[in-house]
Amino acid sequence: MLYREVGQFRTSYAADQAIFPIRQDRFGMLALLLVAYIAVPLMANEYWLSTIFVPFFVFSLAALGLNILTGYAGQLSLGTGGFMAVGAFTAYKLATAFPGLNIVLVFVAAGIVTALVGLLFGIPSLRIKGFYLAVATLAAQFFLIWLFVKVAWFQNYSPSGVITAPPRAVFGHFFVTGPEALPAYKYWFTLTFAAVLALAAKNMVRGATGRKWMAIRDMDIAAEIIGIRPLSTKLLAFAVSSFYIGIAGALWAFIYTASVEALAFDIDRSFQILFMIIIGGLGSILGSFLGAAFIILLPIFLNNLPDQLGLHVGVALVTNLQDIIYGALIVSFLIAEPNGLAALWRIGKEKLRLWPFPH
Amino acid sequence: MHSNGGVLLKVEGIALAFGGVKALADVSFDIRKGEVRAIIGPNGAGKSSMLNVINGFYRPHAGSITYKGRTVRHMRPHQAAKAGIARTFQNIALFKGMTTLDNIMTGRLLKMRGNFLLDALYVGPARREETAHRAVVEQIIDFLEIQAIRKVPVGRLPYGLQKRVELGRALAAEPDLLLLDEPMAGMNFEEKEDMSRFILDVNEEFGTTIALIEHDMGVVMDISSRIVVLDYGRKIADGTPDEVRRDQAVIDAYLGVAHDGGKGA
Chain D
1 MLYREVGQFR TSYAADQAIF PIRQDRFGML ALLLVAYIAV PLMANEYWLS
51 TIFVPFFVFS LAALGLNILT GYAGQLSLGT GGFMAVGAFT AYKLATAFPG
101 LNIVLVFVAA GIVTALVGLL FGIPSLRIKG FYLAVATLAA QFFLIWLFVK
151 VAWFQNYSPS GVITAPPRAV FGHFFVTGPE ALPAYKYWFT LTFAAVLALA
201 AKNMVRGATG RKWMAIRDMD IAAEIIGIRP LSTKLLAFAV SSFYIGIAGA
251 LWAFIYTASV EALAFDIDRS FQILFMIIIG GLGSILGSFL GAAFIILLPI
301 FLNNLPDQLG LHVGVALVTN LQDIIYGALI VSFLIAEPNG LAALWRIGKE
351 KLRLWPFPH
Chain Z
1 MHSNGGVLLK VEGIALAFGG VKALADVSFD IRKGEVRAII GPNGAGKSSM
51 LNVINGFYRP HAGSITYKGR TVRHMRPHQA AKAGIARTFQ NIALFKGMTT
101 LDNIMTGRLL KMRGNFLLDA LYVGPARREE TAHRAVVEQI IDFLEIQAIR
151 KVPVGRLPYG LQKRVELGRA LAAEPDLLLL DEPMAGMNFE EKEDMSRFIL
201 DVNEEFGTTI ALIEHDMGVV MDISSRIVVL DYGRKIADGT PDEVRRDQAV
251 IDAYLGVAHD GGKGA
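So the sequences go chain by chain: D and Z. Going letter by letter, the first sequence gives residues 1 to 359 in our numbering. Going letter by letter, the second sequence gives residues 1 to 265 in our numbering.
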């Protein structure tokens, strides 16, 4: 089926404002969800589910959160790792303090607590912008990690500083954490969080909330003249963004790695997620997923490539080659399209509408 | 131009200085309901500063602003917006990454009651509100004849159209007072004619009071009901186009005069 919108007439504003106004996009998304929910768990093995898809969704959520703040509201942040840690440790404290509490509620509560912490560290954004704000959020990053390493209460006084997710199930007996958890359940659980939160994010950014954020990003003076309050708009972006990042952190600690220490969320993590949204596309929901896929999947792919090709090279050489090719690919992608993979995708779709005619 | 005599906005004794530079000194004038009021003057006369004082961007050091019968020293920009003052900028201040439609929709934010949770769910009220406001915005798009660029990011539009979108965004707020800072700067004759027609239509069809800064004297004399003339931060004349045209101080300010007590002129 060709990607054409000929003959699809939208006769009401409601139809024009639909999330996927073009029929092919609707079918495409439906097909993607069917594949993600049914085909992938049926066909993929345990390795694919737990070490590729689950971290991909977790990183996508974190990238989505940062993209709301940096891509849509224009506030540069380097505190992503710290906020993930807040989500992880809050979820751990809540899950161990209230063993009867549903794991979904634990995660949502962890997100809300992270949102409040994000709100607090977002206050300087009224006065400082750009790189200076990034430096201010670095303070959040270092302070939060220091807090979770030094204060043993957060780790329930574990001598190693490592927190381990207690076994929890959804709908009674489908364990998603703990030793009995099945990879497929973990996969569905993480996928559902990613899908629901991505839909919510898409709705926010295409509505009045998103317009406020983008107005502040593009021209804060004009936004103020229209009646947008800069501080509350920026703080809302910090809160919503941190909510997403907090849930990503909780998913990381509970579902992906099952046990984690605070240093897993250090400054490297913040940069990694920032690179995801830059490569994926700032101000794009799709871009958050594409960027996460690029950063997570490409190294794994490069690592396995020599074996797949039947080449026998040493492990050290593979690692070095991987870094070299990975770096070169990042640079060439950014030169080809500075606005990220999402922009490449959009341009491709625009070309496809006219294909096979060039104009 | 159906000024009914009531005063909408009155500024009295406004003074503003940046460090040692006096941008405005003891400026007083009023704007009547329904009129097109022009503010003119040579470069650096303080015209834009005056608009910035009116909509709360600058805080004057002295003087008062009476708007709709309420007298204050200073309104914050979002308070001014709530009170029905909208404006456009000399250097276009559009949201470059957003489409024409989104830019104008942004102008209606103050009239929208939703919150981010309703937006996230996109159910009931959020969806109805979005559609209702879209209908109003589409009327503005029709009015300004920019249907074709509805979904184009404004950063890609030519200058003249950007000016028009910015006017649309200001109109979307359904303002009582519309401040236009050089709406025709950098336009060719035809574009100026179009813009003049839009301004007069806004004034006549919606009854919006307009205060504009403009350098094209032909346009100013044609479309405005009364004119304030500023020079070096002071008001030097105030009256109808005919009165201002004949005013000796205005002629001196524009043509230049030797500042030695007038003897050398």
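A few of these clues could be false.
[Said to hold, decoys possible] Only pairs whose alpha carbons sit at most 16 angstroms apart, straight line, appear in this in silico EDC-like list of lysine to aspartate or glutamate:
| # | chain 1 | residue 1 | chain 2 | residue 2 |
| --- | --- | --- | --- | --- |
| 1 | Z | LYS96 | D | ASP220 |
| 2 | Z | LYS68 | Z | ASP194 |
| 3 | Z | LYS10 | D | ASP220 |
| 4 | Z | LYS151 | D | ASP220 |
[As the list claims (entries may be wrong)] Here are a few chain Z residues that sit away from chain D, every Cβ distance over 12 angstroms (derived from the structure):
| # | residue |
| --- | --- |
| 5 | THR131 |
| 6 | VAL137 |
| 7 | GLU138 |
| 8 | ALA172 |
| 9 | VAL220 |
[Said to hold, decoys possible] Here are some chain D residues pointing at chain Z (derived, C-beta under 10 angstroms):
| # | residue |
| --- | --- |
| 10 | ALA36 |
| 11 | ALA39 |
| 12 | LEU191 |
| 13 | ALA215 |
| 14 | GLY227 |
| 15 | GLY310 |
| 16 | HIS312 |
Derived by calculation from the structure, the hints in this document are not laboratory data. Everything numeric in this text was worked out from a predicted model, so none of it was measured. Think of the CB as a built atom: it goes at the ideal place given N, C-alpha and C, for glycine as much as any other residue.
So, going through the hints one by one against the coordinates:
1. LYS96/Z - ASP220/D: holds (12 angstroms)
2. LYS68/Z - ASP194/Z: Given pair LYS68/Z, ASP194/Z is violated - Cα atoms ~31 angstroms apart, limit 16 angstroms.
3. LYS10/Z - ASP220/D: Violated, because 28 angstroms separates the two Cα atoms, which is more than 16 angstroms.
4. LYS151/Z - ASP220/D: violated (22 angstroms)
5. THR131: Check fails; 5 angstroms does not lie beyond 12 angstroms.
6. VAL137: violated (9 angstroms)
7. GLU138: violated (7 angstroms)
8. ALA172: About 9 angstroms separates ALA172/Z from the closest Cβ of chain D, which leaves it inside 12 angstroms; violated.
9. VAL220: Non-interface label on VAL220/Z holds, nearest chain D Cβ at 23 angstroms vs cutoff 12 angstroms.
10. ALA36: Given a least distance of 21 angstroms, the restraint on ALA36/D is violated.
11. ALA39: violated (28 angstroms)
12. LEU191: violated (19 angstroms)
13. ALA215: Since the shortest Cβ distance to chain Z is 5 angstroms, the answer is holds.
14. GLY227: holds (3 angstroms)
15. GLY310: GLY310/D check fails; min Cβ-Cβ to chain Z is 47 angstroms, beyond 10 angstroms.
16. HIS312: violated (50 angstroms)
Figure legend: structure checked against the earlier numbered hints; hints not met, in rising order: 2, 3, 4, 5, 6, 7, 8, 10, 11, 12, 15, 16.
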